[in-house]
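Trainee: Sequence:
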Amino acid sequence: EPQPDVALLRYRPDFYASAHPGPEDVLLVVEVAETSADYDRSV
Numbered sequence: 001e002p003q004p005d006v007a008l009l010r011y012r013p014d015f016y017a018s019a020h021p022g023p024e025d026v027l028l029v030v031e032v033a034e035t036s037a038d039y040d041r042s043v
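For the sequence shown, the UniProt record's numbering begins at 1 and goes up steadily by one.
Since the hints were made in silico from the structure, they are not lab data.
On a predicted model such as this, the values are computed, not experimentally measured, just so you know.
A portion of the hints provided could be inaccurate.
Unchecked claim - Derived CB-CB ranges, DEER-like: (1) Val6 with Asp38: 31 to 41 Å; (2) Leu9 with Asp40: 14 to 24 Å; (3) Tyr39 with Pro13: 30 to 40 Å; (4) Ala33 with Leu9: 35 to 45 Å; (5) Ser42 with Asp5: 12 to 22 Å; (6) Asp14 with Glu34: 27 to 37 Å.
Beta carbons are placed, not taken as given, at the ideal position from N, Cα and C, and that holds for glycine.
Please put together the full structure from these sequences, using the hints given.
Mentor: Structure follows, in structure tokens:
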């Protein structure tokens, strides 16, 4: 499963200690794929 290199998330006071971020928390996702692009497309 592809994992982003950088993710910018909406601020939460607990810093996501109580739960993982959901789609509504994601502001920006960056994936740099120089060597893994073919693999990431097939997952």
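Trainee: Hint by hint, note whether the structure agrees.
Mentor: Cross-check of the supplied hints:
Distance hint check: the CB atoms of Val6 and Asp38 are about 21 Å apart, inconsistent with the given range 31 to 41 Å. About 21 Å separates the C-beta atoms of Leu9 and Asp40, a value consistent with the hinted range of 14 to 24 Å. Our hint of 30 to 40 Å for Tyr39 and Pro13 holds, since their Cβ atoms are close to 37 Å apart. Against the hinted window of 35 to 45 Å, the Cβ-Cβ separation of Ala33 and Leu9 comes to about 21 Å, which falls outside the hint.
Our hint of 12 to 22 Å for Ser42 and Asp5 holds, since their Cβ atoms are close to 19 Å apart. Judged by the Cβ atoms, the range 27 to 37 Å given for Asp14 and Glu34 holds: they are separated by roughly 35 Å.
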